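Number of protein chains: 2
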Amino acid sequence: MIAAAVRRERERAGLTLTELARRAGVAKSTLSQLEAGTGNPSVETLWALGVALGVPFSQLVTSPAPRVQVIRAGDGQRVRSEAADFAGTLLAAGSHHARRDLYVIEIGDGAVRQAQGHTPGSVEHLVVAAGRLRAGPADAPVDLEPGDYLTFTGDVPHRYEALAPDTWAVLIMEHP
Amino acid sequence: MIAAAVRRERERAGLTLTELARRAGVAKSTLSQLEAGTGNPSVETLWALGVALGVPFSQLVTSPAPRVQVIRAGDGQRVRSEAADFAGTLLAAGSHHARRDLYVIEIGDGAVRQAQGHTPGSVEHLVVAAGRLRAGPADAPVDLEPGDYLTFTGDVPHRYEALAPDTWAVLIMEHP
DNA sequence: TACCGTTGTTCGGGTTAGCGAACGCGGACG
DNA sequence: CGTCCGCGTTCGCTAACCCGAACAACGGTA
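Just so you know, the protein sequences line up as chains A and B, in that order.
First residue of the first sequence? That's 1 in our numbering, and the numbers climb one at a time after it.
First residue of the second sequence? That's 1001 in our numbering, and the numbers climb one at a time after it.
These aren't lab readings, by the way, just hints derived from the structure by calculation.
Computed from a predicted structure; not experimentally measured.
Please note that a few of the clues may not be correct.
Just some of the chain A residues that point at chain B, by a computed CB distance under 8 Å [claimed, not checked]: (1) I2; (2) L15; (3) V43; (4) A129; (5) V142; (6) E145; (7) P146; (8) G147; (9) Y149; (10) L163; (11) V170; (12) I172.
A virtual CB, placed ideally from N, CA and C, is assigned to each residue, including glycine.
Throw the hints in and build the complete structure from the sequences for me.
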């Protein structure tokens, strides 16, 4: 589990095992056994590897991934405030992924953005703010309207297509 | 550093050292030395403690916190796509916090939501989708319009106040 | 083909993490 | 006061993490 994460991050950084071991200050034998899944590394070792890889260490202890989920505007678990005219809808909670990039995306009317899959285990969260958007995995896109929420795994080809002018949305990308 | 985090979480859960060691399946001597800051624990040990404490493990390796930052609609680092009429704006990236709750919030015109500070180190991210919103720390609120992005530490009293009808926004709450 | 540089994987060994048991301490109870 | 129970800390000891070095495997080059 950790083994795969370390190897994935190392290859994503384009480093050899020897080079990463040198930069992190650990013996390459240690790193080799670690990537082979033998034993549990100490926190110090894993920390050194995380620093050398430029990833915040919790990224090296990943976990499984969900699939596609849509919450329509008005659906979802609403949390109302008694004290004020305020309502919140919980869309996603409790992931312990590490990197989380937050975007605001704008797509011209009729424009289509194709994206090949990102790193395995990445998850995308999308909330449409205005316009209409068709998004999701390339083989199963979903039509969304303002307030709609969509989440899906980003490790397969996917797309964004605006169905109305001035379409924009909030996009959270989680990289495991 | 880790020592303090473990002790803090253990006391926050109201557990004794002996009880936590029993639940996590580690020797209490190990836990005692760990909280004393002696040596580096292995990942497996820390993981077991995280499970027993009900925290996602990366919470045991904390880090500092930012303050308030506003990115106006149209500002920010834009990432354009050459292939399609598509533009994305990166708002926040690379946090290594653990729990991340995603909300869509709706606030009635003129309504004010007050919130006392949450757990130390929590961070809130806010993107206004429609309407006008005054939000932020109670002593330094900021007026936001659709597309504006605001982030601030949530461990101090803060507020949300709608300045127009049909105001809603996307809210990401990070709990360290 | 032979040589060389690099990559990643296996070997002994020193050191340390983790365990179980024993210890000192403080409060509750008879 | 004496005993008991639970708290957290220290004491040997075994196991394993980590290291350095030697080892195969591969590709480029003369």
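- prompt: Does the structure break any of the earlier hints, and which numbers would those be?
  reply: 2, 5, 6 and 10
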